[in-house]
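Protein chains: 2
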Amino acid sequence: MISTRGRYAIRVMIDLAEHNTSEYIRLKDISERQGISQKYLESITATLSKSGLIDGAHGKGGGYRLNRQPSDYSIGEILRLTEGSLAPVACLGCDAKPCEKEATCRTLPMWSKLYNMVNDFFDGISVADLVKKGEDDGFFGACL
Amino acid sequence: MISTRGRYAIRVMIDLAEHNTSEYIRLKDISERQGISQKYLESITATLSKSGLIDGAHGKGGGYRLNRQPSDYSIGEILRLTEGSLAPVACLGCDAKPCEKEATCRTLPMWSKLYNMVNDFFDGISVADLVKKGEDDGFFGACL
DNA sequence: CCAATTCCCTATCGTGTTGGTAGGTTTTAT
DNA sequence: ATAAAACCTACCAACACGATAGGGAATTGG
Chain A
1327 MISTRGRYAI
1337 RVMIDLAEHN
1347 TSEYIRLKDI
1357 SERQGISQKY
1367 LESITATLSK
1377 SGLIDGAHGK
1387 GGGYRLNRQP
1397 SDYSIGEILR
1407 LTEGSLAPVA
1417 CLGCDAKPCE
1427 KEATCRTLPM
1437 WSKLYNMVND
1447 FFDGISVADL
1457 VKKGEDDGFF
1467 GACL
Chain B
1327 MISTRGRYAI
1337 RVMIDLAEHN
1347 TSEYIRLKDI
1357 SERQGISQKY
1367 LESITATLSK
1377 SGLIDGAHGK
1387 GGGYRLNRQP
1397 SDYSIGEILR
1407 LTEGSLAPVA
1417 CLGCDAKPCE
1427 KEATCRTLPM
1437 WSKLYNMVND
1447 FFDGISVADL
1457 VKKGEDDGFF
1467 GACL
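Here the protein sequences line up with chains A and B, keeping their order. In terms of the numbering used here, the first sequence opens at residue 1327 and continues consecutively. In terms of the numbering used here, the second sequence opens at residue 1327 and continues consecutively.
Warning: the hint list may mix true and false statements.
One copy or two, either will do: identical chains are not told apart, so a pair holds if it fits within one copy or between any two.
[Said to hold, decoys possible] Computed cross-link-like contacts, DSS-like style, restricted to lysine-lysine with a CA-CA straight-line distance of at most 30 Å:
| no. | residue 1 | residue 2 |
| --- | --- | --- |
| 1 | 1376 | 1365 |
| 2 | 1386 | 1354 |
| 3 | 1354 | 1458 |
| 4 | 1427 | 1458 |
| 5 | 1386 | 1365 |
| 6 | 1354 | 1427 |
| 7 | 1365 | 1354 |
| 8 | 1439 | 1427 |
| 9 | 1458 | 1423 |
| 10 | 1427 | 1365 |
If you are wondering where the hints come from, they were derived from the structure by calculation, not from laboratory data. Note that this is a predicted model, so its numbers are computed, not measured.
With the sequences and hints as input, model every part of the structure.
Written out as structure tokens, the structure is:
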């Protein structure tokens, strides 16, 4: 399950991409457009900003804006940042603790393959792809 | 994340497949072989038994055994039974509550595609495939 | 028939995560 | 100076997870 943190992060990025000028976008506006509590969004944009995905400006006239082109953000990096690892089991991923049964485990190869599949899937989608979707020129036209 | 319930269920099924005679296998033995608390396993085998995946026999000489050939169990049906839905977001899956933004949601097609991918992935693997893995004749030889 | 064995059922419980709130501090433009 | 905005820290209710405990019901060996 992808939690709200990751999903809201994606929606913020889409919102910023849809208003992608040189101006800074106020969190208040994003929160109103997306219908998500501003306070809760703060904790998410803080993560995005600290890691350099977006640029946050203090004070009057401040807000957030993208640091790159929407097509240069993969959904994978957004989710890995906000959700932690996308690993389906604890034995995999960045903070995986070594398992003594690893060598004989009958299921590890399955989890590992899924892990790769999911990462590749999300790495193959950009923020720009999701924005395009709303314009009926979608990446996913064939799947719904 | 796949929880222990689903993972242990798979391990039980593999264990039963590896001792697949007409005899009933005691939960005590499975628990010792797998190194999982018998009491905790009880709640999992109860689910498997109630839904007809395995056959449980009471009393002396009782235990559990498979109802079909190991190759006739897909990992998908085991996980969907023990984990609930494999949907990455609440808007999808069996108990999905309708979302008013569904028509304009920019991310739903992505989740939907992933959902199908994951289901297809697990439906394409059988318990027999995972047993084979241990015999160096694996389904997953190329992926680890 | 009795007692051991085994699956089955219900309740409980500590721990951690999730989703969110609250209040304040710092930075900046006007 | 003042207002606006990002930033930071702490806290909290609700829930799920992983597991334990204690018994009850069915079956069989003796």
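For each hint, the structure was consulted:
1. 1376 - 1365: within (17 Å within a copy, 45 Å between copies)
2. 1386 - 1354: within (13 Å within a copy, 67 Å between copies)
3. 1354 - 1458: Within one copy, since 24 Å is at most 30 Å while 56 Å is not.
4. 1427 - 1458: Between. Shortest inter-copy distance 17 Å satisfies the 30 Å Cα cut-off; intra-copy 45 Å does not.
5. 1386 - 1365: Within one copy, since 18 Å is at most 30 Å while 60 Å is not.
6. 1354 - 1427: between (50 Å within a copy, 20 Å between copies)
7. 1365 - 1354: Classified as within: same-chain Cα gap 9 Å, cross-chain 51 Å, threshold 30 Å.
8. 1439 - 1427: within (18 Å within a copy, 33 Å between copies)
9. 1458 - 1423: For residue 1458 and residue 1423, the Cα distance is within 30 Å only across copies (26 Å; inside one copy 40 Å).
10. 1427 - 1365: between (44 Å within a copy, 22 Å between copies)
This entry satisfies every hint, going by the numbered hints stated previously.
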